[in-house]
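Could you build the full structure based on these sequences and the hints that come with them?
Protein sequence lines, in the order shown, are assigned to chains A and B. With the numbering used here, the residue at position 22 of the first sequence is 22, and numbering never jumps. With the numbering used here, the residue at position 410 of the second sequence is 410, and numbering never jumps.
Since the hints were derived computationally from the structure, they do not count as laboratory data. Every residue gets a Cβ at the ideal spot worked out from N, C-alpha and C, and that includes glycine. Zero decoy hints are in this set.
In the DSS-like style, the derived pairs of lysine-lysine whose C-alpha atoms are separated by at most 25 Å in a straight line are: (1) A:LYS284 / A:LYS168; (2) A:LYS372 / A:LYS360; (3) B:LYS36 / A:LYS284; (4) A:LYS284 / B:LYS243; (5) B:LYS36 / A:LYS372; (6) B:LYS36 / A:LYS361; (7) A:LYS224 / A:LYS28; (8) A:LYS360 / B:LYS36; (9) A:LYS59 / A:LYS224; (10) A:LYS361 / A:LYS333; (11) A:LYS372 / A:LYS333; (12) A:LYS224 / A:LYS333; (13) A:LYS333 / A:LYS359; (14) A:LYS372 / A:LYS359; (15) A:LYS148 / A:LYS28.
Calculated from the model, a selection of chain B residues having no Cβ within reach of chain A, i.e. all distances over 12 Å: (16) THR14; (17) GLY45; (18) ILE53; (19) GLY79; (20) GLU95; (21) PRO148; (22) GLN153; (23) THR383.
Here are some chain A residues pointing at chain B (derived, C-beta under 7 Å): (24) GLU134; (25) TYR257; (26) TYR274; (27) VAL279.
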Amino acid sequence: MALVFENNAPGPKTHVLLIGVGGYPYLKDGTQAREQNGSLAQLGQLTSPPRSVEALYQKFIEIHKDNGWITPLGSIELLLSPAPGAPEVLPGLAKTPATRPNIQAAYDAWKGRCDESEENVALFFYCGHGLSKERQFLLAEDFGFNPKNPWDGAFDFSTTREAFHGCKAQTQLFFVDACRQVPPEMLLFRMTISALDPASYLGSDCTYDLTIFAAASNESAYGKPNEPSYFTKALLNGLNGQAASNHDDEWVISTGYLGNFNPLLELVDPAQAYPQRSVTVMGKPRAIIRLSGPPVVRLVVECVPADALGAAALSYTHLDTGVTQSRQPPNQKPWNIDLEAGIYEVQAQFAQPPYLSSKKKKSAVPPSSTAKLQCL
Amino acid sequence: MSPQLNAPGSVQLTIQTYGSTDGIPKHIELFNQSLKRLQSQWISGNEWQLSGIDPGTYVLRLSLTSGVQTEEVVDVQTGDTTAVRMDLAGISPYETQEWAYMAKSNTGSRLRYMKELVPGPTPTPSLMACTYRILQFSNGFWIPSEVPGGTLQIDSHGETFEVTLGERMYVLELSGEQIPTLYVGLPPHSRLKCLVKPTTGPQGAVHPLDIAVSTDNWASEALIALLTAGAMEEAATLTNAEKAERLLFEKNEDPAAAAVGGYFLLKMGELGRMHNWANNLANRFPYLPDGAVIHAWQLLQEKQNTIQHIKTISDRLVEALRRGIPVYTEGFRLLYRGLKMVSSHYGGQNLLVNTALDIASRYAAVLDWSQETTTLITDALQTHDRIIPVLARGGTGNNQDSFPTNMEAIAAG
Chain A
1 MALVFENNAP GPKTHVLLIG VGGYPYLKDG TQAREQNGSL AQLGQLTSPP RSVEALYQKF
61 IEIHKDNGWI TPLGSIELLL SPAPGAPEVL PGLAKTPATR PNIQAAYDAW KGRCDESEEN
121 VALFFYCGHG LSKERQFLLA EDFGFNPKNP WDGAFDFSTT REAFHGCKAQ TQLFFVDACR
181 QVPPEMLLFR MTISALDPAS YLGSDCTYDL TIFAAASNES AYGKPNEPSY FTKALLNGLN
241 GQAASNHDDE WVISTGYLGN FNPLLELVDP AQAYPQRSVT VMGKPRAIIR LSGPPVVRLV
301 VECVPADALG AAALSYTHLD TGVTQSRQPP NQKPWNIDLE AGIYEVQAQF AQPPYLSSKK
361 KKSAVPPSST AKLQCL
Chain B
1 MSPQLNAPGS VQLTIQTYGS TDGIPKHIEL FNQSLKRLQS QWISGNEWQL SGIDPGTYVL
61 RLSLTSGVQT EEVVDVQTGD TTAVRMDLAG ISPYETQEWA YMAKSNTGSR LRYMKELVPG
121 PTPTPSLMAC TYRILQFSNG FWIPSEVPGG TLQIDSHGET FEVTLGERMY VLELSGEQIP
181 TLYVGLPPHS RLKCLVKPTT GPQGAVHPLD IAVSTDNWAS EALIALLTAG AMEEAATLTN
241 AEKAERLLFE KNEDPAAAAV GGYFLLKMGE LGRMHNWANN LANRFPYLPD GAVIHAWQLL
301 QEKQNTIQHI KTISDRLVEA LRRGIPVYTE GFRLLYRGLK MVSSHYGGQN LLVNTALDIA
361 SRYAAVLDWS QETTTLITDA LQTHDRIIPV LARGGTGNNQ DSFPTNMEAI AAG
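Shown next as structure tokens:
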């Protein structure tokens with residue numbers, strides 16, 4: 001039973017399906033490893049996906065407790081396959097393995113709930129291995145069970161996504177974080193991999209579509225060991241406030257800012273911010289989360305010339321609240337701070353020449369701002 | 001209290017660029033001290049002024065469609081004008097490339113502008129020599145066009161060139177030693193700017209070159225950049241449905257811009273604004289695949305009439321491939337998806353649709369979905385002659401409205 005959260009109060013709801021596949025028992029270094037063919041033999045275990053699902057689950061519950069979901073949280077289906085030997089995640093929570101049949105069952109239940117109302121919000125998240133040719137394919141835990149036909153443990157995400165447009169829920173959010181390489185054998189053969197949903201015939205798209213497909217070329221580009229993936233960190237930062245806006249005296253997270261995803265990835269790791277790293281398909285934007293206060297955004301403080309950083313005592317003070325923090329030398333790197341959006345006085349002070357103390361007012365706005373202090 | 005004490009002030013912004021960037025949209029926003037947005041305006045020049053602002057502290061932000069953002073805290077004084085200067089001259093290495101770093105979504109402008117975030121210096125690649133040709137689509141085949149090609153020596157900053165095109169379907173072919181061949185769709189226009197530069201992505205994982213292509217219609221270029229980046233909130237401030245409708249309406253002047261307007265209206269679900277213009281766009285420009293795709297999707301999105309329009313939808317999608325490949329990636333995405341849907345509707349029994357879908361699938365396998373214009377990494381483009389009617393392939397007529405849909409007729413060709 002993958003259902004780990006349920007809210008049966010009447011009215012439209014946000015229904016979530018979280019899938020994190022880190023442990024692949026039949027792949028390299030798995031608990032029942034089998035000799036796979038060709039470049040599939042290179043696919044192994046991943047430690048980031050369970051951490052990613054854990055972080056998102058906790059975040060979604062936190063938003064629920066803060067009454068932040070504009071469409072209240074209705075349910076969370078969670079499937080998790082940890083890598084062998086990895087630290088436990090979500091202790092105390094029943095975790096259903098992300099096998100192909102379990103993913104199918106959870107998907108069907110999730111879609112059924114989403115289908116109850118046009119005003120429902122459907123949210124899908126997958127983290128694990130993925131492969132692509134003309135479509136994207138995601139690998140379940142039991143991928144590779146039969147090395148002669150490993151594809152029974154995969155599903156066609158592209159067709160699944162297209163089919164889901166037929167669901168009544170008009171707000172559909174899909175986040176896919178795949179660690180992938182395209183094995184040469186996929187390029188030679190026409191692949192027949194089933195989808196979780198039959199291909200849709202004729203039908204229009206949902207009104208509020210946000211589909212982000214991110215693909216890292218290898219595991220080091222995917223994330224740090226036993227931490228949420230770079231993509232998940234960027235998504236969390238977006239939900240925490242880097243994708244926030246205030247147009248009507250209320251801070252909200254809108255799909256229209258969340259969909260501009262590469263700047264969010266860049267703030268996690270600049271090397272991840274190239275165009276091919278994530279692709280967004282979007283429809284009309286809408287707000288999905290309401291924040292209880294100003295969002296958390298990134299402020300980068302640096303000195304001009306850059307050499308002055310090593311000698312600078314840096315500090316910031318919020319103009320309204322007086323909240324202040326400082327950083328003492330020596331530190332040659334720019335000061336990256338995650339703080340509440342607002343206007344600050346930012347200052348660099350030096351114990352001795354040649355650099356000159358400098359201060360200025362600087363705004364910290366979503367997703368990030370940079371303060372350059374002239375120190376000569 | 002003197003009535004002058006709280007007289008409103010004003011803000012005057014001057015944007016410093018390398019050269020003239022008139023026409024390239026810049027997004028100006030004014031926020032109050034609580035960071036609530038008070039004003040949002042797109043300008044095409046380098047000067048902006050707002051009057052009637054109550055004295056106080058504000059934030060003025062400038063954003064470009066390439067992703068560059070900068071902001072300043074502004075103290076507005078009673079009855080006074082506060083001058084603000086924002087310097088964008090550093091975002092581009094050369095004046096000749098400024099258009100790309102300001103307007104295009106794939107140049108890595110944001111990282112370049114905020115280069116303090118990049119850990120360590122970017123390695124400078126050695127010179128990459130490559131050759132480009134302009135191919136045109138003719139009766140199902142990609143052939144060299146009359147437009148001259150050239151050779152490029154790509155250093156770390158890249159190289160720009162311009163091409164002048166006629167009213168046909170063209171692609172840019174780029175190749176070189178140890179450089180996988182790349183094909184990029186070209187918007188039909190009289191003059192295009194192109195920037196070829198080393199990729200910002202990891203070596204070996206992506207193509208070594210990034211290509212930015214632009215017309216002079218900066219409103220349209222800004223819109224397609226925002227749509228590609230997924231920045232729909234910004235896109236909705238740049239263009240509302242009325243302006244997009246106008247882009248579509250003014251198709252006779254700029255069919256590529258009309259296509260971009262059409263994609264925006266489809267994304268926003270503003271079918272009512274499309275009227276018959278998508279059909280007219282498809283008919284008026286028989287070399288442009290995007291018009292056919294947009295018309296097909298207008299019909300697909302009109303849920304209640306879809307079945308009765310199925311033949312037109314199917315015909316339009318196949319027609320798009322008869323004309324070449326959609327110029328814009330969004331167009332290809334809709335084409336591919338539409339063909340899959342129509343093929344399913346016919347139960348896989350429509351040979352023409354299936355053949356078109358096969359062609360599209362092969363393209364989809366080599367497509368870079370992150371780019372604004374259709375970009376393919378492949379040794380050679382396919383021929384489309386399998387779906388070109390016998391008559392149109394070089395017979396006596398050019399009646400592309402009547403074409404065979406059955407095996408016997410195609411086999412007879």
